[in-house]
Amino acid sequence: MGSIPTRFDVIVVGAGPAGAAAAYHAAKRGFKVLLVERGRGAGSKELYGGRIYVGPLRDVWPGIEKEAPIHRWVVEERLSIIGDGEVATLSYRYSNPVSFTAYLPDLTRWMVSKAEEEGVVFVDEVRVDSLVRDGEGRVIGIRSGPDVAYASVVVDAEGANRLLLERAGIVDALDAKRAPIALGVKEVLKLPKGAIEDRLGLSDGEGLSWLIAGTVTKGIPGGGFIYTFKDTIAVGVVVHLGHSVNAVEAGVLKESVKDLVESIRLHPYFKRLWRDSDIVEYGAHLTVECGLDYMPPHLAYDGLVIVGDAAGLLLNLGYTVRGVDLASYSGMLAAEAIAKAHDLGGMNAENLRVYENMVKESFIYKELVRHRGICWLTKERRFFTSYANILLGILSNLYVQEFKHPTVFEAVKASIRSGGEALLPLIGRILKVVREL
Amino acid sequence: MRVVVGIKWVPNTQAVRFDPRTGTLLREGVPSIVNPHDLVAVEFALELRDKYGGEVIAITMAPPSALKGLEHVIGMGVDRGILITDRVFAGADTLATSYVIAHAIRKIEREIGHVDLAVFGQETIDSSTAHIGAQTASWLGWPYLYYVTKAEPVDGKLIVERTLEDRVEVYELELPAVVAVAMRSRKPRPVRLANKIRAKLEKPLIIWSNKELGLDPRCVGLRGSPTVVAKITFTPEVPRKKKIYRPRSGDDAAHWILKSLLADEKASKILRRILGGEM
Ligand SMILES: Cc1cc2nc3c(=O)[nH]c(=O)nc-3n(C[C@H](O)[C@H](O)[C@H](O)COP(=O)(O)OP(=O)(O)OC[C@H]3O[C@@H](n4cnc5c(N)ncnc54)[C@H](O)[C@@H]3O)c2cc1C
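Same order as they appear, the protein sequences are chains H and W. Quick note, this note's numbering runs 29 ahead of the 1-based positions in the first sequence. Quick note, this note's numbering runs 132 ahead of the 1-based positions in the second sequence.
Chain W on its own, in the form it takes in the complex (with noise of 0.2 Å):
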């Protein structure tokens, strides 16, 4: 199997702080990591290729730093990275980004073979839209999921477990298809001496400019992408009251909460009303 897997580099945004001020992200200075939910991904094609042979493709649009994102999944143990990257690229949104990636996908075929299947994470931390792995399947004109905790090759389809909240669904896919993994479905597994210096005396690395890609500059970058953010907020946390009680059983938890609402004036203004006569 030929699995790609696209990663993104996004602004570690557990340090990403936020200016209520002037609504503005405040990213000086944090340092870019791997999508964590991305990382699931990446491992969930390298369990497909360890099962079933074959290799992983990492791929990423990104400034030219991403590089080290793409040595760290090299690291993991993934076959080669490709970076794609050219300013006209820059300022994109989910479908300029999906557009370029859908034909990089095109050129892998092309160039390299057959592509069976195409893997991205649930979301990124950064901007939780889920849209890329949806849309670069559109571009394609290949089947989707998403939520994917499973997968296995059976007599050249793919079949597909996907967990919901109240039920595992199963699917069989035609291949070629695209994935969106589960987050937290699987742990990326740690970085390994041999890879890493493989990443470093190897450089199983491809780049990739428009100048290869061909694209239309009307179709990628700022030009390409409809979107408009109009405006970023912030909610602050709401500070709630904690209490710890454990129950003896059912009945006791009941009464507790029930006896704790009613305590609280607010709350059992409201229980009265919905219950009305009842009480």
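Isolated chain H (complex conformation) (with noise of 0.2 Å):
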């Protein structure tokens, strides 16, 4: 077994968006590429919402549109606001469609398959330990139980449970409470044909986004989602990992973050959506919370890149997450640079630092920038408790009134005094909020 070769131009670990992007760029410019995936088939490991943006896509995978495994483009746009026995939900509609909805495990298989068409050699069920340096720190390849396999540059496309940084001592452990991590946990409902068009006024082919704030996550930061598929919907929800473990240990939850999946699934302003359905997945994942405060040190060292959720190039709005298409643009930057610091001479960090510019002065950097100050929202539990039953409290006073109807001023001030906050700070507060989103 000696004649093995196990050297490579590039090693990518981790077969997600931002690693088979990378790993079919790289292997599109001539390089020999090894892209190493832990789970059993491109994609098994995959769990996400349900919507990606395609912009960026169209430059990373040249025919997506047509090619690869898209269930609906999203037309419609809802927005609810739970409360105790109130729901308000806005609603938007549009006919030039920007995203589309799709498995990700299906869609990552099919990045894979393109990677592979370009002579990338995809190994999957296998686990990398460490990354391998040498005396001088630089990273040579990686290790994998007793196998090393060596090549010029490592991509590092872990995702957001970055162990194999933590051991290289390039970033710090996680840690469950403090972290800006968050938790995804989600359901997958499959409903009789049509029902979907029906149930949600939709054309075949048309998909819907549909996101939840207010009581349905019980105080904890974070929100509910429903997404819709061929003939299933997602329904799920992203809350701040640290305040859930709290309200695990205070009770709040009965058993887990599950709980609360289980509770849009049988609010009654939801289920009749999916009546006569079957849950036929289950699923939870972490994801970066902001992706700023985990970005590491520096995206490229001696020998390595860094891609994806494992660079905290991801977008969390808190109620919505979108990852996919940074990823995989993050992927294609991490190529190009490549083959620049190919020509400049070699894969040093000084070279490799291309693509620390590449990624900041692309739309994710300016993205993640632009929204930098939602962090301090996912950290406010005010805004997704006493602020969402306000805000419903404004519309029972407008509508709810037997005799004689409030002005829009009065129905305001009654509702934020019964809410115990006082006026201006939460009039700056709102302001705040709607600057950043």
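Hints are not guaranteed to be accurate.
Claimed, not checked - Across the chosen pairs, the derived CB separations fall in these ranges:
{"id": "1", "chain 1": "W", "residue 1": "335", "chain 2": "H", "residue 2": "102", "range": "32 to 42 Å"}
{"id": "2", "chain 1": "W", "residue 1": "335", "chain 2": "H", "residue 2": "326", "range": "34 to 44 Å"}
{"id": "3", "chain 1": "H", "residue 1": "295", "chain 2": "W", "residue 2": "270", "range": "53 to 63 Å"}
{"id": "4", "chain 1": "H", "residue 1": "283", "chain 2": "W", "residue 2": "395", "range": "30 to 40 Å"}
{"id": "5", "chain 1": "W", "residue 1": "368", "chain 2": "H", "residue 2": "396", "range": "49 to 59 Å"}
Stated by the list, open to error - Pairs of lysine-lysine, BS3-like flavour, derived with a Cα cap of 30 Å:
{"id": "6", "chain 1": "H", "residue 1": "57", "chain 2": "W", "residue 2": "374"}
{"id": "7", "chain 1": "H", "residue 1": "287", "chain 2": "W", "residue 2": "282"}
{"id": "8", "chain 1": "W", "residue 1": "332", "chain 2": "H", "residue 2": "61"}
The set of hints was computed from the structure by calculation and includes no laboratory data. A quick note: this is a predicted structure, and the numbers were derived from the prediction, not measured. Even glycine gets a Cβ: it sits at the ideal position worked out from N, Cα and C.
Grab the two chains, each in its own frame, and use the hints to assemble them into the complex.
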């Protein structure tokens, strides 16, 4: 077995949207690439919400709109705020969709098949245990059990739970209570044919994205989501991990975060949508809460570049997560940077930091900075409890009156007072939220 | 030693659900895996090779998706894999399957070299017949032993141990032979990076259709299968009362069991009937 070539130009760890893109673009540029994934088959470990923005992906994956396993194009956005017994829903319909729904395992499998077509050697069922470094600390390969494979550069695309970077001392170990990390839990419900169209007023191929805020998360910062697929609906929540741990310890949650998903599934307002459905899938996954806080000190080191969630390149707006397009885009940038470093004479940190600059100049970083303010929101419990109730109170004061209708200002004032908040600071906060969003 | 190990590509039965209304298995979207008991057989074969040299060849009769399963066992260290795949083989029962596998082993002997041993798992998780090993042996006219836990070649023969409920038996088998390895008798080794890279780069895989095997279509697939599945039924689990008691002694345990049984109306009636006057 000594004859097996274990030297590659590029080794990519993790076959998610980031790793697949890095491998694909590196191979396209003529590098010999090994892509290693611990799951059985590409995409088997993926779990996410359901909607992907297509713009950046058109650059990364030519032909994505024609070839990829797309389910529905999102043409309607809904936002519901849930109180105790009340619901306020805003809905917005448009005709030029910019995002689609897809099963991430299927989409990832498609991406990896594209990479294999370009000559990438894809190996699944193999967990990488550590990065291999030489005497001077340069990354020179990967280790898995008794085996080592060498490469001029390793691309770390291991996702949000970045044990390799922790082990290499590049980032700190994850502290469940304090880290800017959220937990996503979701269920997939299979509906009778045609039910999604009938119940949600959609035509064939049209999709809907529905975000849910308010008491459904029992005061834990975060929110719920509903996405429509071909004949299934995904229902889930994304909540702050630390607050969730506290909530379980304090007994606010009976068992775990999955209670929250159930409370949406059984909510009288929603449950008619999935009448006669079967739960066909259930899962949980960590996600980054505040990308910039999660970013490693550098995105490139000697012999190493970091892409996707592992690099904190993900936009979490508290109620919605956007990471697939950013991850894939960063993978493509990494491959470009590797080609540039190659031309500059080698994969040292100095040459590879082109990648860092490319990320900083791309839309990814600009978006992360633009939404930076959202980070405080995810820690602001009040926003998720009393503010939701105040808003619902305003609507209740306005509409649920038998004789005398108040003016809008009277309704607002009364609701805020009963919520125990002072008017002026509250308006300040609301303005801040609006600005951030 | 050249060892051939048979593997089956099965739906992961833990993920398969049963529809009690129609009496069918809901296999849609259920990923396939290598039958876990066959991985024990693969481990058994690899241990023999590691100790005594030679090669391990995995064979499977399955649709082309089973190449993934062969890649998996090559990842464990199997030297090469043979996929036997053809529309005419579809719908086979164990008789028709073993017929094809036996002929494939004959073909291996003609084209690759002498086979010393054919190894199978104890049974499959999707049908549990445990037929294939025995039937293959009888087509080949080779000696066969099941529940095997250990094997050691000595002077051109194979000393084989098998573990039954109450005893361990030791046999001396003439080679070539067929053995079925006792389930859970060893832990299959994990897939290794180096082996997986080899599986991808060298592709040590052979595909045989009936063009290569040239078997009579009346003896294979659905046509060669006398078995008829009349009906599949589902036996729901009966809920039982559970109690844990930590006895201080054997006497104490007996006393507690008797007391509990007598306290139960139904159980005490049965007990009185059995024990009659002694109560
Ligand atoms: C609940 C939830 C909802 C989300 N909703 C959306 C959404 O609606 N839209 C959107 O665009 N994004 C969403 N995201 C974010 C999106 O899923 C991620 O940003 C994206 O998957 C990141 O891609 P990646 O390739 O960086 O990492 P991942 O997709 O996590 O891929 C990492 C891969 O590396 C493998 N791996 C890890 N360690 C090793 C190792 N040591 N050896 C070998 N392999 C390893 C893993 O098995 C995995 O396959 C959501 C995330 C969550 C958790």
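Please check whether residue 295 of chain H and residue 270 of chain W have a Cβ separation lying inside 53 to 63 Å.
Given about 58 Å between the Cβ atoms, the range holds.
For the pair supplied as a hint, residue 287 of chain H and residue 282 of chain W, confirm whether the alpha-carbon distance does not exceed 30 Å.
Violated. Residue 287 of chain H to residue 282 of chain W sits at ~47 Å, over the 30 Å cutoff.
CB of residue 368 of chain W to CB of residue 396 of chain H, is that within 49 to 59 Å?
Given range 49 to 59 Å: holds, Cβ gap about 53 Å.
Status of the given 30 to 40 Å range, CB of residue 395 of chain W versus CB of residue 283 of chain H
Check passed, 34 Å falls within 30 to 40 Å.
30 Å Cα cutoff - pair residue 57 of chain H, residue 374 of chain W:
Roughly 62 Å separates the two Cα atoms, so the pair is violated.
34 to 44 Å as the expected CB spacing between residue 326 of chain H and residue 335 of chain W, which holds or is violated:
This hint holds: roughly 42 Å between Cβ atoms.
Is it true that residue 335 of chain W and residue 102 of chain H lie within 32 to 42 Å of each other by Cβ?
Distance hint for residue 335 of chain W, residue 102 of chain H holds at roughly 39 Å.
Does residue 61 of chain H sit within 30 Å of residue 332 of chain W, going by the straight-line distance between their CA atoms?
holds (13 Å)
Comparing the model with each earlier hint shows violations of hints 6, 7; every other hint is respected.
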